[in-house]
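In case you want the letters, here they are:
Number of protein chains: 2
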Amino acid sequence: MIEAPYLLFLGDAPDMLAAKVAIGIKDWRPEIAKAQFRLPGCNADLGLPDMTMAEAAAAGIKTVVIGVANRGGHISSEWIAALKGALDAGMDIASGLHNLLSDEGELVAAAQMHGATLHDVRIPSVSYPIANGKKRSGKRVLAVGTDCSVGKMYTAIAMEREMRQRGHKATFRATGQTGILITGGGIPLDAVIADFMAGAVEYLTPENDDDHWDIIEGQGSLFHPSYSGVTMALIHGGQPDALILAHEPTRTHMRGLPHQPVPEIEDLREMALKLAHVVNPDCVVAGVSVNTAAFSEEEAIAYLTALEDRLNLPCVDPFRQGAARLVDALEHV
Amino acid sequence: MIEAPYLLFLGDAPDMLAAKVAIGIKDWRPEIAKAQFRLPGCNADLGLPDMTMAEAAAAGIKTVVIGVANRGGHISSEWIAALKGALDAGMDIASGLHNLLSDEGELVAAAQMHGATLHDVRIPSVSYPIANGKKRSGKRVLAVGTDCSVGKMYTAIAMEREMRQRGHKATFRATGQTGILITGGGIPLDAVIADFMAGAVEYLTPENDDDHWDIIEGQGSLFHPSYSGVTMALIHGGQPDALILAHEPTRTHMRGLPHQPVPEIEDLREMALKLAHVVNPDCVVAGVSVNTAAFSEEEAIAYLTALEDRLNLPCVDPFRQGAARLVDALEHV
Numbered sequence: 001m002i003e004a005p006y007l008l009f010l011g012d013a014p015d016m017l018a019a020k021v022a023i024g025i026k027d028w029r030p031e032i033a034k035a036q037f038r039l040p041g042c043n044a045d046l047g048l049p050d051m052t053m054a055e056a057a058a059a060g061i062k063t064v065v066i067g068v069a070n071r072g073g074h075i076s077s078e079w080i081a082a083l084k085g086a087l088d089a090g091m092d093i094a095s096g097l098h099n100l101l102s103d104e105g106e107l108v109a110a111a112q113m114h115g116a117t118l119h120d121v122r123i124p125s126v127s128y129p130i131a132n133g134k135k136r137s138g139k140r141v142l143a144v145g146t147d148c149s150v151g152k153m154y155t156a157i158a159m160e161r162e163m164r165q166r167g168h169k170a171t172f173r174a175t176g177q178t179g180i181l182i183t184g185g186g187i188p189l190d191a192v193i194a195d196f197m198a199g200a201v202e203y204l205t206p207e208n209d210d211d212h213w214d215i216i217e218g219q220g221s222l223f224h225p226s227y228s229g230v231t232m233a234l235i236h237g238g239q240p241d242a243l244i245l246a247h248e249p250t251r252t253h254m255r256g257l258p259h260q261p262v263p264e265i266e267d268l269r270e271m272a273l274k275l276a277h278v279v280n281p282d283c284v285v286a287g288v289s290v291n292t293a294a295f296s297e298e299e300a301i302a303y304l305t306a307l308e309d310r311l312n313l314p315c316v317d318p319f320r321q322g323a324a325r326l327v328d329a330l331e332h333v
Numbered sequence: 001m002i003e004a005p006y007l008l009f010l011g012d013a014p015d016m017l018a019a020k021v022a023i024g025i026k027d028w029r030p031e032i033a034k035a036q037f038r039l040p041g042c043n044a045d046l047g048l049p050d051m052t053m054a055e056a057a058a059a060g061i062k063t064v065v066i067g068v069a070n071r072g073g074h075i076s077s078e079w080i081a082a083l084k085g086a087l088d089a090g091m092d093i094a095s096g097l098h099n100l101l102s103d104e105g106e107l108v109a110a111a112q113m114h115g116a117t118l119h120d121v122r123i124p125s126v127s128y129p130i131a132n133g134k135k136r137s138g139k140r141v142l143a144v145g146t147d148c149s150v151g152k153m154y155t156a157i158a159m160e161r162e163m164r165q166r167g168h169k170a171t172f173r174a175t176g177q178t179g180i181l182i183t184g185g186g187i188p189l190d191a192v193i194a195d196f197m198a199g200a201v202e203y204l205t206p207e208n209d210d211d212h213w214d215i216i217e218g219q220g221s222l223f224h225p226s227y228s229g230v231t232m233a234l235i236h237g238g239q240p241d242a243l244i245l246a247h248e249p250t251r252t253h254m255r256g257l258p259h260q261p262v263p264e265i266e267d268l269r270e271m272a273l274k275l276a277h278v279v280n281p282d283c284v285v286a287g288v289s290v291n292t293a294a295f296s297e298e299e300a301i302a303y304l305t306a307l308e309d310r311l312n313l314p315c316v317d318p319f320r321q322g323a324a325r326l327v328d329a330l331e332h333v
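In the order they appear, the protein sequences are chains V and F.
Our numbering puts the first residue of the first sequence at 1, with every later residue one more than the last.
Our numbering puts the first residue of the second sequence at 1, with every later residue one more than the last.
A few of these clues could be false.
Cut-off 30 Å, straight-line C-alpha distance, at most; resulting in silico cross-link-like pairs (DSSO-like, lysine-lysine) [what the hints assert, rightly or not]:
| no. | chain 1 | residue 1 | chain 2 | residue 2 |
| --- | --- | --- | --- | --- |
| 1 | F | K274 | V | K135 |
| 2 | F | K84 | V | K274 |
| 3 | V | K274 | F | K34 |
| 4 | F | K274 | V | K134 |
| 5 | V | K274 | F | K274 |
| 6 | F | K134 | F | K26 |
Because the hints were derived from the structure by calculation, they are not lab data.
Using the sequences and the hints given, assemble the complete structure.
If you want it as structure tokens, here you go:
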């Protein structure tokens, strides 16, 4: 687990888009996003207090979280100097960058000297077991998409917020780097070795109270040839009681694959449910989450209404409308 | 690639069962299985000439292949001494053991001194790409099972032999450790990182002549919760034109999971074909391979005849009957 509270490191972010991870942390875990750190040339601003490393440590901040992509794919000397300052001040660092903190000799040495931890959340830090497929107590819901990057993480974390606001026991279970940094824990599923994928998901979603919901972050798509094996492991390791279908209606082909058609939502419903029944015969499809960002408000409502008639399931855009109706649907599962 | 011919290292195998890998190499690649090496106490015998390391090297043997499981899960000092002798004599070593040759300091040092190669086929030796799902030339067939360990490798390699005897262009593509040692190349799919599984299968089965068949070794099962993601990557990375269903009719539960029921062959047919159509809409199910080892000859024939009526597909046990009818079925694909 990554220790909170966080100082969000924005580095020399060229724009707000580059600070996507930091924005996610601030939006979803405002209680732990205490301050931001910016280098000269930074064009991102989260509206949080700017702090130096020394100020952050003095304010009780435990971890500097890199909330920005690194320009040019390498960790610059300006970044290294600032991050070394974080370790010198007694804080840990957490990163989801492809370049690992643990490959930077200066940071490794400073961390050792100060007894600090470098969290590289892109790679697994534990040896996961092989899945056993045994029925576990507690309830689980998983978002599965017609494609990658259609809003599965947003849907899951919005559902967690809604359920907690209702006083339900609910835990968002992160399976990707951004989700891990937002919540401080999880599994980097795309970096797990094939034989242990489903076991990692079982490890992430252990036995729990009968009325507790794990809301598992989805990855990939059963219909995306590059990543479908990861999605499969989520379904069989996650043992879901309910599935949420996630869809982006303007996609003309699968992400990154111009030749690969997007499936119909009905195809996803049928396929995902059949696969889920292998580990849980009682699994149901509870609702549909649609990313309508490309539509006007009016277009979005028209699309969702028509889709709801077509599928006979609650169809909502949780960004526009909140996740309440998806959570309502879980009350009966 | 592992250089042939081979000296098959049987070590101190307690019985023939422990020498499964060596038996596979001798059965399927007799032309490269030149000799065997046995330590005192070895109770396995392949009927090949016994050679010392020096004799093997003098006879032109290039690689010592460990064809036996190691007792107690560690590489003993007797093994190390013998294997060091192989390197001293100028040969390479190939192993599919969980304990890696490259973790044995003495062997690493000797290999460096002699410019020899230690092949640990249990771990990937190349960085595989992310799959792109683009249509490739050439034809591919994949065996998918109702469960793990139902004869998928045997089926594939028997089909390769039959196709080559008919003068067809065919290549068995190994995806597991035993298959890699038998053929000298392949991918250890269960040890590949999740994001690269399907890409590894694409790498293994590249574009080829229009009349060339890749016969891809299957792994796991879509219905086995521990390994289904690996099977999924084989289907989407392998882009099969034809599927062979593999089944073991006396299995009462999924291998290693007493609570997990075995699917009907019809369920496998429907599920696997739908998933294959995501990457190749023309894929067909060509036949069924049944492991009838638990049946008498009469029982086996009765079972296969009834199954063939039920499924309207050629149903054969390639161990009893050869793979001819499965290969016949591919002629029309």
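Tested hints:
no. : hint             : result
1   : F:K274 to V:K135 : holds (27 Å)
2   : F:K84 to V:K274  : violated (53 Å)
3   : V:K274 to F:K34  : violated (49 Å)
4   : F:K274 to V:K134 : holds (27 Å)
5   : V:K274 to F:K274 : holds (11 Å)
6   : F:K134 to F:K26  : violated (37 Å)
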